[in-house]
Amino acid sequence: MALPKHTELHYRIWHYFYLTICGAVFFFLIAPLFVIFPLSFNAEEFLSFSDGMKSLDPDAFSLRWYKDMIYGTKNPWGLAAKNSFIIAIFATIGSVILGTVAALGLSSRHMPYKGIIMAILISPMIVPLIISGVAIFFFMAKAGLAATHTGIVLAHIILGTPFVVITVTATLSGFDHSVTRAAASLGSNPVNTFMKITLPLILPGVISGGLFAFVTSFDEVVVVLFLAGLENTTIPIQMWTGLREQLSPTILAVATCLIILSTLILVTAELLRRRSERLRGINR
Amino acid sequence: MSSETKQILTTDGIPLEVSLKKAERRNKIKAFLLVAPLLLFLIITYVFPIGDMLMRSVDDKMVTEMLPKTFKAMEKWDGKELPEEEVFEAFYLDFRQLVDEKREGKLSTQLNYTKNGFKSIIKKLRRKSKSFEEGNYKEQIMAVHKRWADVEYWKAIKRRAPAFTGQKYLKGMDMYKNENGEIVSVEEDRRIHRILWLRTLEIAFFVTLFCFLMAYPIAHLLATLPMKYSNLLMICVLLPFWTSLLVRTASWMILLQQQGVVNDFFVGIGLVADDARPEMMYNKTGTYVAMTQILLPFMVLPLYSVMKTISPSLMRAGKSLGGTPIVAFWKVYFPLTIPGIGAGCLLCFILAIGYYITPALVGGASGTLISNQIAFHMKSTLDWSFASAMGLMLLSGVLVIYWLYNKIVGIDNIKLG
Chain Z
116 MALPKHTELH
126 YRIWHYFYLT
136 ICGAVFFFLI
146 APLFVIFPLS
156 FNAEEFLSFS
166 DGMKSLDPDA
176 FSLRWYKDMI
186 YGTKNPWGLA
196 AKNSFIIAIF
206 ATIGSVILGT
216 VAALGLSSRH
226 MPYKGIIMAI
236 LISPMIVPLI
246 ISGVAIFFFM
256 AKAGLAATHT
266 GIVLAHIILG
276 TPFVVITVTA
286 TLSGFDHSVT
296 RAAASLGSNP
306 VNTFMKITLP
316 LILPGVISGG
326 LFAFVTSFDE
336 VVVVLFLAGL
346 ENTTIPIQMW
356 TGLREQLSPT
366 ILAVATCLII
376 LSTLILVTAE
386 LLRRRSERLR
396 GINR
Chain G
14 MSSETKQILT
24 TDGIPLEVSL
34 KKAERRNKIK
44 AFLLVAPLLL
54 FLIITYVFPI
64 GDMLMRSVDD
74 KMVTEMLPKT
84 FKAMEKWDGK
94 ELPEEEVFEA
104 FYLDFRQLVD
114 EKREGKLSTQ
124 LNYTKNGFKS
134 IIKKLRRKSK
144 SFEEGNYKEQ
154 IMAVHKRWAD
164 VEYWKAIKRR
174 APAFTGQKYL
184 KGMDMYKNEN
194 GEIVSVEEDR
204 RIHRILWLRT
214 LEIAFFVTLF
224 CFLMAYPIAH
234 LLATLPMKYS
244 NLLMICVLLP
254 FWTSLLVRTA
264 SWMILLQQQG
274 VVNDFFVGIG
284 LVADDARPEM
294 MYNKTGTYVA
304 MTQILLPFMV
314 LPLYSVMKTI
324 SPSLMRAGKS
334 LGGTPIVAFW
344 KVYFPLTIPG
354 IGAGCLLCFI
364 LAIGYYITPA
374 LVGGASGTLI
384 SNQIAFHMKS
394 TLDWSFASAM
404 GLMLLSGVLV
414 IYWLYNKIVG
424 IDNIKLG
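Chain order of the listed sequences is Z and G.
Under the working numbering, the first residue of the first sequence is numbered 116, with each subsequent residue one higher.
Under the working numbering, the first residue of the second sequence is numbered 14, with each subsequent residue one higher.
In case anyone wonders, no lab produced these hints; they're calculated from the structure.
Note that the structure is a prediction, hence the values are computed from the model and not measured.
One should not assume that every hint holds.
[Claimed, not checked] With a cut-off of at most 35 Å between alpha-carbon atoms, the simulated DSBU-like pairs for lysine-lysine come out as follows:
| no. | chain 1 | residue 1 | chain 2 | residue 2 |
| --- | --- | --- | --- | --- |
| 1 | G | Lys143 | Z | Lys120 |
| 2 | G | Lys143 | G | Lys159 |
| 3 | Z | Lys120 | G | Lys159 |
| 4 | G | Lys132 | Z | Lys257 |
| 5 | G | Lys321 | Z | Lys229 |
[What the hints assert, rightly or not] One side of the interface only, derived from the structure: several residues of chain Z facing chain G at Cβ under 7 Å:
| no. | residue |
| --- | --- |
| 6 | Pro147 |
| 7 | Leu213 |
| 8 | Ser223 |
| 9 | Asp334 |
[What the hints assert, rightly or not] Computed footprint of chain G on chain Z; a stretch qualifies when at least three of its residues, placed anywhere within it, have a C-beta under 8 Å from a C-beta of chain G:
| no. | stretch |
| --- | --- |
| 10 | 149 to 158 |
| 11 | 171 to 182 |
| 12 | 235 to 244 |
| 13 | 314 to 321 |
| 14 | 353 to 362 |
Glycine is no exception: its CB is placed at the ideal position from the N, C-alpha and C atoms.
With the hints as constraints, model all of the structure from the sequences given.
See the structure below:
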């Protein structure tokens with residue numbers, strides 16, 4: 116941001132001071148993520164920069180922790196990754212379907228008791244996770260679903276739906292309901308109208324809600340810690356155990372992969388948000 | 014009403030008003046049916062289980078169920094003098110049953126909560142009771158240990174009789190009911206829960222404050238910069254937001270450990286000596302630093318979305334009317350950002366107060382929060398009713414904050430990203 120030429124000196128100083136503070140905060144936010152990259156290529160078994168790495172000696176870098184992550188004997192990451200993806204995909208599908216349908220009802224102006232129902236629907240987002248974990252564990256234990264994939268998927272649907280409800284309701288708030296009436300007047304039944312008219316228009320909101328639900332499930336550890344048995348281990352659980360017991364560089368290799376994944380999700384979410392804003396006619 | 018005003022009829026001959034009401038009702042039902050699946054799902058899997066927690070937290074079935082005959086016999090006992098023979102006999106029968114099922118250890122733990130000193134005398138009773146003769150159990154039990162002849166211990170058993178009790182809640186606040194039924198605090202050095210509650214509030218408050226102080230300038234910068242720069246900088250906020258919590262905690266563990274990057278840097282610039290590297294992890298510092306960075310995006314995003322809507326001409330108008338930049342900021346800009354501040358602080362505070370993972374990994378003993386205690390009782394001591402009680406105490410705290418926020422700022426002002 117260039118300052119006009121006539122700016123007085125003390126404002127100039129203040130301005131650069133402000134920019135420095137902002138720079139420091141941005142550094143604080145983003146820098147910790149970038150420590151993980153170089154250290155995951157460490158040739159040694161330590162979690163700090165070796166002298167070789169500081170002098171950029173090629174021998175100090177290696178892919179051994181990535182090899183260990185994929186081929187390592189009795190390593191849990193393969194099973195954990197498989198479980199994580201299966202659980203997250205099913206939880207996302209469940210959350211998106213239940214959440215979108217509910218959001219359609221909620222944004223109807225005929226909806227009775229809107230306030231209290233909305234409060235119940237988004238409560239899993241407000242209640243501290245540890246309490247949700249305890250409550251869901253009691254339910255799953257009674258229903259015989261503890262330590263099963265089904266139980267974890269259901270738990271993640273509970274945690275994921277509020278995000279879908281919120282994003283889809285937000286998208287629907289700019290939705291022109293006369294198009295659905297037009298479709299109805301042309302003889303389309305409600306299901307057909309939804310599939311052909313409403314869904315394509317609210318799709319960006321639905322997908323970004325789905326992304327939230329996916330990340331929530333993929334990254335969730337508190338509830339899974341209560342629910343999972345040995346067979347249902349997930350990536351977050353393995354990381355949790357690893358961080359508590361032996362902090363090995365293999366975890367950093369996994370973490371690097373997760374950062375790449377989250378970058379992809381971020382890009383998708385941003386593109387969708389912009390598309391959605393264009394469709395809703397918000398120009399900035 | 015004059016006789017000339019006619020009711021308006023629809024083509025079917027039904028009054029319009031009736032027809033309209035019918036249509037409205039149909040629409041209401043339709044809307045409700047759309048919400049019903051999710052609502053039902055959440056009520057069964059989520060709302061009821063929280064109710065179940067409430068039941069568990071006040072339900073003291075454990076002891077009642079272990080000593081059914083004793084409590085039945087005790088109903089007639091006035092609780093002043095030593096109980097009659099029939100109470101002793103019932104207790105002996107219950108106790109034999111427990112020993113056969115190998116559950117007497119549980120009983121001794123539970124009774125020891127109520128009164129110290131039960132552990133050893135129950136152990137002794139188990140050994141001696143094998144050779145008890147039939148009849149006159151009062152004498153035989155009292156002969157095992159002199160405490161069995163002490164009425165205080167029988168009173169302690171009787172206190173566990175009611176099926177519903179608030180004692181878990183009292184325990185959560187380091188209080189208990191003494192022999193005379195008065196509520197008193199435990200000794201000074203055993204008040205671990207109060208320390209935890211206060212520490213949780215303190216950490217949540219300061220983390221929220223730090224987040225606010227750091228988020229305000231950068232949200233302002235993001236909102237005022239031209240689009241092409243601000244989009245780039247926004248990545249710095251959004252990438253941590255989308256990155257796994259455990260990954261971010263892991264990177265703080267690497268940074269803050271004694272041989273870690275931050276300490277290396279401090280030694281490198283000569284700030285600290287190599288052999289006097291400060292402990293920055295496994296204590297409160299670690300919890301503060303890591304939680305602030307992790308929760309910062311939750312403060313930036315609501316602030317940004319509010320600041321984005323404030324027109325820059327307002328500040329210019331303030332200045333043109335003679336205000337210095339500071340006055341213009343304080344009187345014009347700052348009040349307009351209050352909804353964003355409210356939403357960000359609420360979000361941060363509520364998230365921080367229930368934090369579990371990060372304090373457990375970087376907090377050590379002095380940096381853990383109430384959530385860690387709940388998890389400890391769920392997984393290690395298996396005292397689920399105590400975990401439930403503390404969970405509900407935490408939940409009611411969160412709801413109070415939420416309610417206050419709704420009163421002061423209004424819940425509609427919350428924006429997600």
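Hints breached by this structure: Of the numbered hints given earlier, those the structure breaks are 1, 3, 11 and 13, listed in rising order.
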